[in-house]
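Protein chains: 4
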Amino acid sequence: MAMQANNLKIAYIGGGSRIWAWNLMADLAQAEDMSGKVYLYDIDFQAAKNNEIIGNNIQKEKWEYKAVETIGEALTDADFVVISILPGTFDEMEHDVHLPEEYGIYQSVGDSVGPGGIIRSLRCVPMMEDIGYAIKDYCPDAWVLNYTNPMTLCVDALYHAFPKIKAYGCCHEVYEVKDILRKALKDILDIDTKSRDDIKIQLTGINHFTWITEARYKDIDIYPVYKKFAEKYYETGYNFKHENNHLNNCWRQLELVKFDLFMKYGYIAAAGDRHLAEFCPGDWYLSDPQSVLDWGFALTPVSWRKDYLKERIEKSGRLVRGEEEFDLSPTGEEGVKQMRAILGLEDLITNVNIPNRGQITNLPMGAVVETNSIFSANSVTPVVAGDIPKSIYPLISRESGNQQLLMEAIAERSLDKAFLAFVNDPLVRLSREKAREMFDRMVAATSEYLTMYK
Amino acid sequence: MAMQANNLKIAYIGGGSRIWAWNLMADLAQAEDMSGKVYLYDIDFQAAKNNEIIGNNIQKEKWEYKAVETIGEALTDADFVVISILPGTFDEMEHDVHLPEEYGIYQSVGDSVGPGGIIRSLRCVPMMEDIGYAIKDYCPDAWVLNYTNPMTLCVDALYHAFPKIKAYGCCHEVYEVKDILRKALKDILDIDTKSRDDIKIQLTGINHFTWITEARYKDIDIYPVYKKFAEKYYETGYNFKHENNHLNNCWRQLELVKFDLFMKYGYIAAAGDRHLAEFCPGDWYLSDPQSVLDWGFALTPVSWRKDYLKERIEKSGRLVRGEEEFDLSPTGEEGVKQMRAILGLEDLITNVNIPNRGQITNLPMGAVVETNSIFSANSVTPVVAGDIPKSIYPLISRESGNQQLLMEAIAERSLDKAFLAFVNDPLVRLSREKAREMFDRMVAATSEYLTMYK
Amino acid sequence: MAMQANNLKIAYIGGGSRIWAWNLMADLAQAEDMSGKVYLYDIDFQAAKNNEIIGNNIQKEKWEYKAVETIGEALTDADFVVISILPGTFDEMEHDVHLPEEYGIYQSVGDSVGPGGIIRSLRCVPMMEDIGYAIKDYCPDAWVLNYTNPMTLCVDALYHAFPKIKAYGCCHEVYEVKDILRKALKDILDIDTKSRDDIKIQLTGINHFTWITEARYKDIDIYPVYKKFAEKYYETGYNFKHENNHLNNCWRQLELVKFDLFMKYGYIAAAGDRHLAEFCPGDWYLSDPQSVLDWGFALTPVSWRKDYLKERIEKSGRLVRGEEEFDLSPTGEEGVKQMRAILGLEDLITNVNIPNRGQITNLPMGAVVETNSIFSANSVTPVVAGDIPKSIYPLISRESGNQQLLMEAIAERSLDKAFLAFVNDPLVRLSREKAREMFDRMVAATSEYLTMYK
Amino acid sequence: MAMQANNLKIAYIGGGSRIWAWNLMADLAQAEDMSGKVYLYDIDFQAAKNNEIIGNNIQKEKWEYKAVETIGEALTDADFVVISILPGTFDEMEHDVHLPEEYGIYQSVGDSVGPGGIIRSLRCVPMMEDIGYAIKDYCPDAWVLNYTNPMTLCVDALYHAFPKIKAYGCCHEVYEVKDILRKALKDILDIDTKSRDDIKIQLTGINHFTWITEARYKDIDIYPVYKKFAEKYYETGYNFKHENNHLNNCWRQLELVKFDLFMKYGYIAAAGDRHLAEFCPGDWYLSDPQSVLDWGFALTPVSWRKDYLKERIEKSGRLVRGEEEFDLSPTGEEGVKQMRAILGLEDLITNVNIPNRGQITNLPMGAVVETNSIFSANSVTPVVAGDIPKSIYPLISRESGNQQLLMEAIAERSLDKAFLAFVNDPLVRLSREKAREMFDRMVAATSEYLTMYK
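Chains as they are written, first to last, in the numbering used here: chain A, 1 to 454; chain H, 1 to 454; chain Y, 1 to 454; chain D, 1 to 454.
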């Protein structure tokens, strides 16, 4: 690899993105020891073009942005590939998330598991496979960061298309739980911590259903601290993130799911409650909208996403026209830190989604899992997380197995096999006739994107 | 081991049994190259005493039966230990099976998984642990055959109590599916087979949820044959076992669950439909009594078991008093064949439940699984079954993980942890409050047997 | 697979063979429930042609033999492929075995390991790869039995060329050790056994260096018996096989190596002493010709093989001309029994060489190992042998690793890498300069067959 | 664990040490955010007492040193335990190293493998077991750093005595090879590096025979650099460490062994040449003193160690009497950095010796191996190193297996079994009679320490 920290080529697939791409721009601007070009590819070329303008307004001498019309142009000789795509539009997502409500099934996110996550996978995995084939052709040595959900299936699809790909999936949910642990330290022990990097954890599981099995701040075991914290706020919840803002209704999260899982399973779940709830058994948190309210979180409606997209498009216009200044403050995302580590500029230990090659000893080899890894010069090496504890193993193993089945079904382009994964999903608590009816309706609603299936 | 094929000592724990013990008597009587003593231990000493009389009526010069009042007397220097106990009485089982009906949960058997299987495990595992400890003390070199359900938990409990125990669990469900395959060969290809030993299979899974992944008769692949068979009888069912007898209502089985699983998952499920249905997702076969009827099987009420027990007790009386002759025809069970193989008198390849030590490569080491094993001189050696196929892996892995969690909960005597397994069971499709209420009521109903729990 | 027990096609690669092919003819003639055609392919077409005549003289109506001029003709639609080839001629083998004597290195066989085995591998593996490729093209569903040495490398080469091949390696050394155990039972306990099938064993290791970790006859543990036997004959040796015949000088074997290994390592080595000695450390048995004599075995000179070949050629002539009758007595080989089991006509448990897919838990997956397997309808399934015992693990692991390295070297056609395996061989106790000189001379001596190497 | 970075208790077993203990004193003095007490235990109490005085002269207010007469006093409630003991005296070591010379066997170090390493293990492992038992009793939660050789056996002994021990072995050989890589970068590419922490490596193997499978400086792949470096100095050697000092004769090292191994095996060996040579096959580097000289390294005679010990004792006296100032410059050892990381004060990625729990996928679980690990708050977590490359696997697997066998032999206190490991050692190229004679003589020479053996 002729990778140069000062002459890098980054390919951004989904380069018209108005969240992740802007985050990357902000963080690249901070990275003093890196420079190069960022090629933006998007099926919405105009969106990529706008991002080209926005990006070049920042510091063109250091990072040059360029919208391109073919994926090949973006990928050729890239050192890094960043993938954040929307598989379909929010119209498709609307069906994914809300059609099941007609069957009494509520989804807080609907992009990872559950009926929505599965139908989204049907659309998304073939796209990711195509990206994987293109990477094999144009830049087989590049490092590939995926942000797209469903994370597990997307990473699996990349490796399925190109087994030697150097890809990993990157998710910030764990970081936010580290921040909760900092709050707990402050709240219970009145300890101020400088950054979430001070919180040292052992991690195991699958994306959006990861678990922290040990947590320390210096010589302090955070587990007993978190126990007190969970007990203290078990009734009221802990309003950690969105104190008084307008998101409350759609993104609110009082950590009650997390506390409840801790009380039951004895381990700290490491994702947002909206995600965690979708992996849980027996209709615990998502049986109906009132339950969701009682558990202190929210069902995020796709209408909110559509509204928010409009806002972002308007903001994009303002940025392009220079009517608004680009916000350069650090985003809290780790993509650029990971690139720096891969470039050998520092070491980084963080959570990552890659196929199991020994890191989790009681899940099958090859299953995409999320554990800590060391990012170092040209390497992302998982640490040995060992066995998932018995109390949470059935939940994780069940879902991991279902994801592997879904991947096999999609690889074979078999909707009948995909239905086996669908009906086995924890949120799908229907008779098989009802389940099949819902599945068929959901497939029909997104059929435009599923022409490759039998 | 100073084991002599002609001077054997067999200890029978649950020696008052009126089914399994009589089966053993019949099969031992056929085994020409074996002789010895059978010690019968039962908490109902009189039942054991009756079996002593019944057994000694058969061929006392070859096999002498002796009821004993302590487990130590039974076990001391035993070469084989047979365990078939009823954990509690049918009154307890009545709660296990029928109390969940108040919550809309129907169980066809209720002794392996489901709410009934889990509560039964709470009673049974401590008993099996005690038997394990006693074997460690009195006959650590003995081979131990367990027939008791829940099979997986019982075997796990024995190894938990005494890791070096030479124990395995023995279940006839797979044999019966071999007979179905013979019927299919006859029905579809008009081929007569001599015995089920002619049917060669590859097997994987967990007890009562085992799957045949390959099946051959001589050079004939049975899979396409079974496919035609399943298709032919998919509407009507195939009345294989109990054509016109009075059991119909309680034990009827038209193989429709088996055919349906085959159509969906592409593999032959190898247990009775009443068992299989309890492991299946999304309320497929057990959503209500009418569904069960439509799927051609039956909910076996515990009242039937109570009535049948009365019949057996009466029969026992007649046998003791010499008013009825003991039926010596072969039972189709394999326990005695297994003993012969362990004694080095022949080799036997058959299905067996033992901890995973490599036979299934995508389930955790140590989980009790059911695969083929070779029974040979002083050895029961599992064959390498490899990975469970992806389409059935989530179903099996989920339940296997749940069983391991339940075992850990019971080993810790923690009802709260046991509830985690309970609420995670595929049949328990309740909100957590309802689930906990049902759990607590079921525990209360059998509390007499659960005094060791916190 | 449209395999018919009565219309089989067997392809024999090396079909001019005057030992193994004749054995097969004899055993096929006994197999009453099988019939078909045997296609003989050999680079010496005339030899194959002679065997065609010899074979057809036996029972042409049942088994028809046909010499063919291309491998494709032999393999097309074959149900079974038998491979027994000589890689090169005895002239090459003469260098393999005797050139090292100039460096003080003596080899009793020289066809598996040691300098001779390694150079033979350089010739043989590419040939086996070509056969593997041809099987992939002409009969990918065929079962493939290899008899050729070096067994481990040959089987590895077949799987390397065609990973889905249904191949296994078949070796009679273990059978003979079972016969020694029968002798021990007779000698020590005066027990008569009917056949070696009565001896039940657990087996682990690699070809020609397999070990019996448990052995039983009925309920008798043979280990203490063998201990007495080994102690009784530790001084004199036990003249088991070739009491007074002319082979004495070249094949003599008094089992002293076997007894000595048992005394030291506590396990029964399961191959002929001539093979075992070549795997052993520190110059134990092969330091010089006198040692070999003292240890009761023989260095088999290639001149003997040449003489014996002449005898066989003459015998072949007599058989072709009908001057001698073909000996139809059973050979003791198991190839035909294995075919019968694969055809579903019986089950067979026996030792076999296949890649490790879990059968040995402390050798790498994929390494070709020898353990028990079940031969059943269309399947050869290894049993779980678990960990190799610690005391013999270093010897086995060292050699297994060396074989894997050699395979990689040959796959890369790299003589320099092959030298790494060469110099690491237990028999090569030379300085590296001397070792390289010997290696280069040996390579030169067989260079005609090594044109594909760099 | 109530471990406080500012009130630590460190127990030093072998606390009279005049090298490692002084290194620790120097490094602890630099660690600004740590303080506490160091308890010194040594069978030579006076030596510990002297170190108490020396230590307390440095900065008693921060680190207080205290010599104690019992191991229990040292260990009670310790947070860290440091072990650096000499098993026996240099008189014993003299036999270990030099007696084999009578048999033509030369050892450059003689403390890890080879006849010397094995005999040293016989003495040392029982001592380490006793320390392990004491740790179990007095401070089961302490972290235990071992510096004692034979490293692999010592760590294995600790885990054998107390399976839940939090112990690891710590060796600086890898660090020094990182410094060689820095020299190569300077020499070949004229790149200045700041510290060895800039060199990022992937590591695998066993102690003193570890291998760097990837090496990077920033975005530069060091492998091609090292190749040029090795080629450049392949004839002359590279005098990296001891340019012109008096150690030349006993410690000289021109890296020729390392270069030669790289040329042959394609991987960078990561230990000093004196160690590497002792693991190598076929008498490559240690066949006689002239060879050693030609290969640019030295046989370190024990007489040198004795002389050097005298110097250190004299120096100790001067330090005690205040006639010489204690040298506080950083030692380059990592023990204190590791403690800081375990205290949660920073993360550290470095090489460490611990039992295999998945980090090396083609060595047995439980074998003590050396790979990278993350040191973080209260954890030492190995990274997944995957399979050892095939070309070096036989060398490593052979020796690792031999070490496991030796450990089993010592655990059973069986000299006969230990001899099996002895005769299998790569350096022992003798007939078995000669080998046994040498073994028996070496055992006799150190018999005073081996009274626990059968």
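To be clear, the hints were calculated from the coordinates, so they are not data collected in a lab.
Worth double-checking, as some hints may not be accurate.
The list treats identical chains as one, so a pair stands whether inside a single copy or across any two.
The calculated lysine-lysine pairs, modelled on BS3-like cross-linking and capped at a C-alpha distance of 30 Å, are [stated by the list, open to error]: (1) Lys-228 - Lys-183; (2) Lys-218 - Lys-315; (3) Lys-306 - Lys-186; (4) Lys-232 - Lys-62; (5) Lys-228 - Lys-186; (6) Lys-49 - Lys-228; (7) Lys-164 - Lys-227; (8) Lys-166 - Lys-228; (9) Lys-136 - Lys-390; (10) Lys-218 - Lys-37; (11) Lys-337 - Lys-37; (12) Lys-337 - Lys-194; (13) Lys-218 - Lys-194; (14) Lys-166 - Lys-60; (15) Lys-164 - Lys-136; (16) Lys-164 - Lys-232; (17) Lys-227 - Lys-306; (18) Lys-194 - Lys-315; (19) Lys-218 - Lys-166; (20) Lys-454 - Lys-227; (21) Lys-434 - Lys-166; (22) Lys-62 - Lys-227; (23) Lys-49 - Lys-136; (24) Lys-218 - Lys-62; (25) Lys-315 - Lys-227; (26) Lys-390 - Lys-218; (27) Lys-183 - Lys-337; (28) Lys-228 - Lys-62; (29) Lys-454 - Lys-164; (30) Lys-454 - Lys-218.
Results of checking the hints against the structure:
1. Lys-228 - Lys-183: Result: close within a single copy only, 12 Å intra versus 53 Å inter.
2. Lys-218 - Lys-315: neither (42 Å within a copy, 38 Å between copies)
3. Lys-306 - Lys-186: neither (37 Å within a copy, 57 Å between copies)
4. Lys-232 - Lys-62: neither (49 Å within a copy, 39 Å between copies)
5. Lys-228 - Lys-186: within (12 Å within a copy, 55 Å between copies)
6. Lys-49 - Lys-228: neither (51 Å within a copy, 46 Å between copies)
7. Lys-164 - Lys-227: between (43 Å within a copy, 25 Å between copies)
8. Lys-166 - Lys-228: Between copies only: 28 Å across, 42 Å inside.
9. Lys-136 - Lys-390: For Lys-136 and Lys-390, only the inter-copy Cα distance (26 Å) is at most 30 Å; the intra-copy one is 39 Å.
10. Lys-218 - Lys-37: Intra 40 Å, inter 19 Å, cutoff 30 Å: inter-copy only.
11. Lys-337 - Lys-37: Classified as within; 17 Å inside a copy, 39 Å across copies.
12. Lys-337 - Lys-194: For Lys-337 and Lys-194, the Cα distance is within 30 Å both inside one copy (18 Å) and across copies (21 Å).
13. Lys-218 - Lys-194: Answer is both; intra-copy 12 Å and inter-copy 28 Å each pass.
14. Lys-166 - Lys-60: within (29 Å within a copy, 52 Å between copies)
15. Lys-164 - Lys-136: both (8 Å within a copy, 25 Å between copies)
16. Lys-164 - Lys-232: Neither way: Lys-164 and Lys-232 sit 48 Å apart in one copy and 34 Å across, limit 30 Å.
17. Lys-227 - Lys-306: neither (39 Å within a copy, 48 Å between copies)
18. Lys-194 - Lys-315: neither (32 Å within a copy, 45 Å between copies)
19. Lys-218 - Lys-166: between (33 Å within a copy, 18 Å between copies)
20. Lys-454 - Lys-227: For Lys-454 and Lys-227, only the inter-copy Cα distance (21 Å) is at most 30 Å; the intra-copy one is 50 Å.
21. Lys-434 - Lys-166: Result: close neither inside a copy nor across copies, 41 Å intra and 44 Å inter.
22. Lys-62 - Lys-227: Cα proximity of Lys-62 and Lys-227: none, with 47 Å in one copy and 35 Å across.
23. Lys-49 - Lys-136: within (26 Å within a copy, 51 Å between copies)
24. Lys-218 - Lys-62: between (38 Å within a copy, 19 Å between copies)
25. Lys-315 - Lys-227: Intra 42 Å, inter 54 Å, cutoff 30 Å: neither.
26. Lys-390 - Lys-218: within (28 Å within a copy, 41 Å between copies)
27. Lys-183 - Lys-337: both (24 Å within a copy, 28 Å between copies)
28. Lys-228 - Lys-62: Result: close neither inside a copy nor across copies, 48 Å intra and 34 Å inter.
29. Lys-454 - Lys-164: both (28 Å within a copy, 27 Å between copies)
30. Lys-454 - Lys-218: neither (55 Å within a copy, 35 Å between copies)
When the structure is compared with the earlier hints, violations turn up for hints 2, 3, 4, 6, 16, 17, 18, 21, 22, 25, 28, 30 and for no others.
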